[in-house]
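Q: Spelled out from the first residue to the last, the chains are:
Protein chains: 2
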Amino acid sequence: MSEVQSVGVIGLGSMGMGAAKSCVRAGLDVYGFDLNPQALEELGSLGAKAVSTNAVEFADKLDSVLVLVVNAAQVNTVLFKTDLAAALKANTPVMVSATISAEDAKQIEAKLAEHNLVMLDAPVSGGAVKAEAGEMTIMASGAQSTFDALEPVLNATAAKVYNIGEAIGLGATVKIIHQLLAGVHIAAGAEAMALAARANIPLDLMYDVVTNAAGNSWMFENRMKHVVDGDYSPKSMVDIFVKDLNLVSDTAKDLKFPLPLSSAALNMFVSASNAGFGQEDDSAVIKIFDGIELPGVESKQK
Amino acid sequence: MSEVQSVGVIGLGSMGMGAAKSCVRAGLDVYGFDLNPQALEELGSLGAKAVSTNAVEFADKLDSVLVLVVNAAQVNTVLFKTDLAAALKANTPVMVSATISAEDAKQIEAKLAEHNLVMLDAPVSGGAVKAEAGEMTIMASGAQSTFDALEPVLNATAAKVYNIGEAIGLGATVKIIHQLLAGVHIAAGAEAMALAARANIPLDLMYDVVTNAAGNSWMFENRMKHVVDGDYSPKSMVDIFVKDLNLVSDTAKDLKFPLPLSSAALNMFVSASNAGFGQEDDSAVIKIFDGIELPGVESKQK
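Protein chains in written order, with our numbering: chain A, 1 to 302; chain B, 1001 to 1302.
Same shape as in the complex, but just chain A (with noise of 0.2 Å):
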């Protein structure tokens, strides 16, 4: 399998976007696809060779695919709904980057083989600006010869790749354990604001404390910059985490294991989905506390 020259880019969201925009850095032939036609106007308006919302019209071109999409649900439509996996050459890697169980993995590469495409299970980290900037984390595992294909996509979107090993599944399920510490961390970062708030500590000070001493963490140093703020506008959302706690509560069942934290940080996730901040940035989960105030937002006190 030699390199590849081009890449299908489907999925551009914030990390789908930086990705692909990082991929027309390094001078591959970047095609990107989205149903928004607003991110498929600014990609080529960036140097995309072409973007469209039906991947399958250019299939005949795409030495590669990358798929950026949120949950395994898209990722099986984008690939095998829309007859794109029947379309591609035979042997084209398909980079799957989405947060899916390590279950999903194993069925999609299963479904990818029968029209004899090879799988990377590569889920991302890193945030929008790392994706932008082309500095994701990629942990991967799947064939080595599949690794060697994508080089040239894994150079131009990633500062680290980590080769977790052949089998499919082992990357979803790092990213799985990854997102437990993310999503707890951010459940945290909420519950210490909170009481701070309870305790009439200044917010701004309690952040700036934290920030610079042993109880800082990435996410919170990044999501309760928003608190502080009162700026609750989605970067990620409340909801993005109900589905991956919910992967990292399957994950545990399956392997009948005990979750204490990550369960009670489900929980706060859901709690607060259901009192309707889904869609809004995933630091709104502090909004289920009740009889505090917080910058920009209305008392709950009753």
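Where hints are given, some of them may not hold.
Unchecked claim - Distance condition first, Cα-Cα at most 35 Å in a straight line; then the derived DSBU-like pairs of lysine-lysine:
#1 A:Lys160 with B:Lys1160
#2 A:Lys160 with A:Lys253
#3 A:Lys235 with B:Lys1256
#4 A:Lys235 with B:Lys1253
#5 A:Lys160 with A:Lys81
#6 A:Lys243 with B:Lys1225
#7 A:Lys106 with A:Lys49
Said to hold, decoys possible - Here chain B is said to cover these stretches of chain A; the calculated rule only asks that three of the stretch's residues, wherever they fall, bring their Cβ under 8 Å from a Cβ of chain B:
#8 162-175
#9 187-201
#10 209-219
Keep in mind that the hints were calculated from the coordinates and are not lab data. For each residue, glycine too, the CB sits at the ideal point set by N, CA and C.
For this one, chain A is given, so just place chain B on it according to the hints.
A: Then chain B, alone, in the frame of chain A:
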């Protein structure tokens, strides 16, 4: 109140020893007190004016006191059971840097006031390395004149001093909320690494992924290294977080505030202590999980 020239450092554990050394380096006259003769010898050889198991002995030499013991009971013992408070010069500022409840801080302030002494409610963070470097984070409340008087000690020991306000108890509360995050992050790190072990993900790889991605925390990076190395020799201890998360729980109880994650984390540390790991490194909280093999630890699989 003029600036202090001498300081009595009471409690020469990892944090107190680091603070005492930093004061020596800054040119202060340092008097060190501890029950451990080795600690006294070490500080004596590094330029302390005097060291002793009995702080009362040098009470008339002290312009200021820094108390860096483990809990409120020890603070009360060293200040009031030894007659030190009675022996100190009037208006001597006493910087209380143990992690204690807001209520304990207020009671200690009242007792110091009976002896015409003033208190800075000044918990610290940063770990032994930062203490040694004179770069602790100090989150303090008290009268501005007490901050001013202690400036030489604060400058010598801290990279960052937060002035949270006048009221004694605010410093304690901010530290307790900080410990909420620290404790939950250690427990979350343990939960994630335990799940990784159960899913047959190599722990060194999992550690490497997380520390290069958005799931990272200060505590994950610092403490899960001990798990990867299989080294549970105590830097901090499980029982310290049993104590600190109980302080978090007491604070929440006073404020009638629910803390789903902290409660779960407290239960994990209590389980670890109850299983016999109280005196091990706090990362040993991971040993509560059955059915996994950890580096350097015999399997608990039954």
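Q: Run every hint past the structure and note whether it holds.
A: These are the hints, each one checked on the structure:
| no. | hint | verdict |
| --- | --- | --- |
| 1 | A:Lys160 with B:Lys1160 | 33 Å, holds |
| 2 | A:Lys160 with A:Lys253 | 30 Å, holds |
| 3 | A:Lys235 with B:Lys1256 | 32 Å, holds |
| 4 | A:Lys235 with B:Lys1253 | 34 Å, holds |
| 5 | A:Lys160 with A:Lys81 | 32 Å, holds |
| 6 | A:Lys243 with B:Lys1225 | 29 Å, holds |
| 7 | A:Lys106 with A:Lys49 | 32 Å, holds |
| 8 | 162-175 | holds (count 5) |
| 9 | 187-201 | holds (count 11) |
| 10 | 209-219 | holds (count 10) |
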